[in-house]
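Chains as they are written, first to last, in the working numbering: chain A, 1 to 55; chain B, 1001 to 1239.
Since the hints were derived computationally from the structure, they do not count as laboratory data. Careful, some of the hints might be misleading.
[What the hints assert, rightly or not] Residues from chain B that face chain A, not an exhaustive set, calculated with beta carbons under 7 Å:
no., residue
1, Gly-1030
2, His-1033
3, Ala-1149
4, Pro-1174
5, Ala-1184
Note that beta-carbon positions come from the ideal geometry of N, C-alpha and C, so glycine has one too.
Residue strings, one per chain:
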Amino acid sequence: MNRPTDPKTRKQTPRMPANVLYEKVVPIAIGLMVLILVLVIAAVVFAPLLGRGGY
Amino acid sequence: MQIIRFLPFVSTLIVFVFAARVLIRYRQRGGMHSLLWGIGFIMYGLGTFAEAYLAFDYTAFMLHTWYLFGAILTPAWLGQGTIFLLVRRNNIARISLIILTLVTLVAAVKIFSLPTTAKPFDVSVPVSAQYKDVLVRDSLSGALLGLFAAYGTLALVGGALYSAYIFWRKRIMPQRVLGNVLIAAGALSPAMGGVLVANHLGDYLFISELLGAIIMFIGFRLATAQQPVTAPAMQSAST
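So that you can see chain B by itself, here it is in the shape it has in the complex:
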């Protein structure tokens, strides 16, 4: 039994704990960004759970679930949380959320209507290495995936890096700087894993998802921890 087959279970556990913490924070403090991040991490967990399930048994429903949540929706909903955090004017965040919700419904209907081939699914092989042979995708499903992945990765990673840079430049909240850097790195991890899989350059999706979940979790804890307002460098400069 390969240990790599159990990695998605570990990822699922971490991601659902992460989602619970974010949603508890939303209940305590509010903030639409926290709610959307919580939804995004639940989607992340559904994707990794489907991946874990498919390492031991196959159903077409689980394959569709993995493709919808693991490959398409997760980055976009996490990124939408960052949009709500950073874009506060002109109702851009609300309008983009409405559009995202509508396109998500279209994507769900589309993905679950994709047929599967008669080729047998080998549970000893990672789903990311064989979904192209089993799931019959068309140009619309590919376009939806590219659209969601690009939007979500740009918003989530770009937003975290932008926040890190702003705090760093102002020399304030060093823990938030580091937290945002880690969130960006964690989000980039599965994004790079997905790009490698899509371009036949290696299958590191399991480990990239696990690393991404752990790094983002640490980043989130750092970014939301109580912290001094002034960075160490400024403290020494002002004394």
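Here chain A stands alone, though its shape is the one from the complex:
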């Protein structure tokens, strides 16, 4: 076994996530939609009470 075992000398290939879109965009999209959901619910419930519009 002649492979270099020292982490400093071993050449490593940088690994990218297999699917950046899946790893990064999905949680951001979910977070944004949670925020919009909260705003929509707040508008539906509280806006008429505050005299701001209403259905």
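Start from chain A and add chain B according to the hints.
This is chain B only, laid out in the frame that chain A set:
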């Protein structure tokens, strides 16, 4: 002739195709959630059909139908389907369905008993822009709408986002993750359109309903498609 007047017809077609697919799935595989989603999408279609009808002719019956199905009932019944999918214990789903059914009957009687004003209905103007001048609403009808909209939007959108997050965190079923994200986005579209109309911030209800129907349809197809169990990221990590 404005092309926007035909958008509710397109929405109606898409939504009824969507409802048929969901109900066929219910007949093949069962599942109370599928039945309730099917009912919810039929209500969605009745609302958009009434909207389409009111772009060419006016009857008080159609105005009441639009307000009942398009504005009040649809999100709650779609959301009830999600409740049945996600809440499986303690009969919460069944009890909430009984309550929803009873309140729906109350809402139907209430909305169809609302009087209309003598002000003429202009078919060249979207119903969402003039219903407040024609339909005499009271505090109970407004409270019913707020209650149904809040319950349904929270259950449908919140449930879809919760499911998407759970599948994403477990790194399984990526298509179901994306499908649920799209279902949530599609459901938020008409909800935001309704909020804008209610608060006099712009009338995008027609386009928001059409976009919502298309996005939810794609999301549903993705979420229910046959798919690999493991996400691509995990596949590469395990090899």
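Tell me the hint numbers this structure goes against, listed in increasing order.
1, 2
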